[in-house]
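Asker: What follows is the residue order along each chain.
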Amino acid sequence: MMAAFSGLLLWALTATSLIAAGNNRLQRGLGLLILLASPWLLGLLSFPSLATLGLATGLLLKHKLRPLLAAWLLLSGLVLYASALGFIAYDIYALGYAPQVILIWCAISLGLAWQQGHRALAYAWLAALALYPLGVLESRNLWDAMLDPIAMIVGGVSLLRWLWGKKH
Amino acid sequence: MTFKGTLLFGLAAACLLAINAQKAPSEMRFALAKQPKISASTPQMEVQRLRAPVPAAHSASTPQMEVQRLRAPVPAAHSASIIALRNGERIAFWFGGSREGATDVSVWASRYQNGKWIKPWIVATPAQSSKDQWRYIKKVGNPVPVLDSQGRLQLFYVSVSMGGWATSTLNRMTSTDNGQSWGPASKIITSPFFNLSTLVRTHAVQLEDGGFLLPVYHELARKFGELLQFNREGQLVRKIRMNAEGENLQPAVIAHSPTDAFALLRNSGPSRQLMLQQSHDGGAHWSPIQQLNIKNPDSAIAVERIPDGRLIMAHNPRSDGRSELALSVSQDGKNWKKIKVIENTPGMEFSYPTLLVNDEIMDLVYTWERSEIHHVRFNRAWLDGAQP
Numbered sequence: 001m002m003a004a005f006s007g008l009l010l011w012a013l014t015a016t017s018l019i020a021a022g023n024n025r026l027q028r029g030l031g032l033l034i035l036l037a038s039p040w041l042l043g044l045l046s047f048p049s050l051a052t053l054g055l056a057t058g059l060l061l062k063h064k065l066r067p068l069l070a071a072w073l074l075l076s077g078l079v080l081y082a083s084a085l086g087f088i089a090y091d092i093y094a095l096g097y098a099p100q101v102i103l104i105w106c107a108i109s110l111g112l113a114w115q116q117g118h119r120a121l122a123y124a125w126l127a128a129l130a131l132y133p134l135g136v137l138e139s140r141n142l143w144d145a146m147l148d149p150i151a152m153i154v155g156g157v158s159l160l161r162w163l164w165g166k167k168h
Numbered sequence: 001m002t003f004k005g006t007l008l009f010g011l012a013a014a015c016l017l018a019i020n021a022q023k024a025p026s027e028m029r030f031a032l033a034k035q036p037k038i039s040a041s042t043p044q045m046e047v048q049r050l051r052a053p054v055p056a057a058h059s060a061s062t063p064q065m066e067v068q069r070l071r072a073p074v075p076a077a078h079s080a081s082i083i084a085l086r087n088g089e090r091i092a093f094w095f096g097g098s099r100e101g102a103t104d105v106s107v108w109a110s111r112y113q114n115g116k117w118i119k120p121w122i123v124a125t126p127a128q129s130s131k132d133q134w135r136y137i138k139k140v141g142n143p144v145p146v147l148d149s150q151g152r153l154q155l156f157y158v159s160v161s162m163g164g165w166a167t168s169t170l171n172r173m174t175s176t177d178n179g180q181s182w183g184p185a186s187k188i189i190t191s192p193f194f195n196l197s198t199l200v201r202t203h204a205v206q207l208e209d210g211g212f213l214l215p216v217y218h219e220l221a222r223k224f225g226e227l228l229q230f231n232r233e234g235q236l237v238r239k240i241r242m243n244a245e246g247e248n249l250q251p252a253v254i255a256h257s258p259t260d261a262f263a264l265l266r267n268s269g270p271s272r273q274l275m276l277q278q279s280h281d282g283g284a285h286w287s288p289i290q291q292l293n294i295k296n297p298d299s300a301i302a303v304e305r306i307p308d309g310r311l312i313m314a315h316n317p318r319s320d321g322r323s324e325l326a327l328s329v330s331q332d333g334k335n336w337k338k339i340k341v342i343e344n345t346p347g348m349e350f351s352y353p354t355l356l357v358n359d360e361i362m363d364l365v366y367t368w369e370r371s372e373i374h375h376v377r378f379n380r381a382w383l384d385g386a387q388p
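Respectively, the protein sequence lines represent chains A and B.
According to this note's numbering, the first sequence is numbered sequentially starting from 1.
According to this note's numbering, the second sequence is numbered sequentially starting from 1.
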């Protein structure tokens, strides 16, 4: 029950950050939609990772997602989800049940987020590492606390926008 | 970004990384303990006897076989599973409703008491699962019970929030009173991609440490078998990918020593041949897929071990459909001999078998024309005897 509630709470916090950031109508509308549809989203998309919450909070705190960090999110997601869907034979996700190897990925991610000035994401990832051993999240796999496809998509879109801006 | 701030962040990160460093679970060994024996006498059958009547008392040397129907008051039924409780009773689960995948489909159960199946009752519904898990759930299916080492009956089933069965996620309910009452359903997260596509169909394998391995499968983009290791407390502690070949699903795993096991897999590819994998380290690693010379029309199978050491398999032995359901036996898991035909009617469908072996008595449940569940109870003498 607690685990299911934590998933709803994460969606609600993500939505609230988007609404409060309020950069434009689309963002506020999206936040409101997420808030209203959170039970549906929890069923369809499972719970958001702390990375997605960190990125949403970053909008509120005006933290810029720089290209290197965006590329890291995109690359990490592409490899993890390609593996999960069976396009890579090795199951990288399975490493998250007894985290040792993926802690190297966590250390790189934390360092990169901090170095790139995205403190919201850096603190969110710290929070993920603090919450995971407490067992309050629905998943017993550390990957689910650290990354989700939404964070990967945000990284990809951000990178594309940067590349587009550079070209024009 | 001050030096002090960076230092504090680095310290916090180092501490949390250290806290999260976990050792992998210890190596697995299969538990080969016998399942509970059935009670000494089996009362006379009273309901829906369809074939050869069974005498009141079972005898190992007398061929015995009987068929009963499990019918919920709904037109569609599919994917039955059966388990022996510690008191020797059987309990079966299946899903049924107006049609497969409809929102009124529920998980049904019935108990085999005194030689007959009692009136089925509903165990799980999309509405109750939604309420328990605080999220929208559209449909449920494929119930698989596991009796854990603590005596708890755990019921795994799949649910879908949007789309088809390929987007299923795994759910679990637990009963501490042999299925009389159930705790709330909980979600089991098994995939990083929106937790999509983990389905269950086949029986679990018990482990020596009190945990169990639950065979599951993925079928979103590619189809492949996986195993979930649950510890003694029921927590998911490891996920094992059996292969990434892409055209196999519903692994039926049977252990034959503490370290060795076979897995037979449904083939969804064009070759229409049953697939085999083997493990020699308690299920942690699996051999490459071997195609057996046995037909499989993209259809579920069930496999169990008979006390004399042979394997028994219930399967659809034709490549052109599910109109025939048969029993085959094997000494080595690779070479199979068809010895009984349970159903064979062109144009009809008999599918999704589950087997349960308790010493001399064996139980088979399967889907009959997607409308009801049939239960066949037979003994070894019947299995090895002439076709009735």
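Simulated from the structure, these hints should not be mistaken for laboratory data.
Quick reminder that beta carbons are idealized off the backbone N, C-alpha and C, glycines included.
Incorrect hints may have been included.
As the list claims (entries may be wrong) - Here are the computed lysine-lysine pairs in the DSBU-like style, where the Cα-Cα straight-line distance is at most 30 Å: (1) B:K334 / B:K295; (2) A:K62 / B:K295; (3) A:K64 / B:K337; (4) B:K116 / B:K338; (5) B:K295 / B:K338; (6) B:K295 / B:K337.
Unchecked claim - Chain B residues, not near chain A, derived (Cβ > 10 Å throughout): (7) S175; (8) L292; (9) S319; (10) G347.
Asker: A separate judgement is required for each hint: does it hold in the structure or not?
Answerer: Quick rundown of the hints versus the structure:
1. B:K334 / B:K295: Measuring from Cα to Cα gives roughly 13 Å; hence the hint holds.
2. A:K62 / B:K295: violated, 61 Å
3. A:K64 / B:K337: Given pair A:K64, B:K337 is violated - Cα atoms ~66 Å apart, limit 30 Å.
4. B:K116 / B:K338: The hint holds at about 29 Å.
5. B:K295 / B:K338: holds, 12 Å
6. B:K295 / B:K337: With Cα atoms ~12 Å apart, B:K295 and B:K337 stay inside 30 Å; holds.
7. S175: holds, 17 Å
8. L292: Non-interface label on B:L292 holds, nearest chain A Cβ at 22 Å vs cutoff 10 Å.
9. S319: About 25 Å separates B:S319 from the closest Cβ of chain A, which puts it past 10 Å; holds.
10. G347: About 35 Å separates B:G347 from the closest Cβ of chain A, which puts it past 10 Å; holds.
When the structure is compared with the earlier hints, violations turn up for hints 2 and 3 and for no others.
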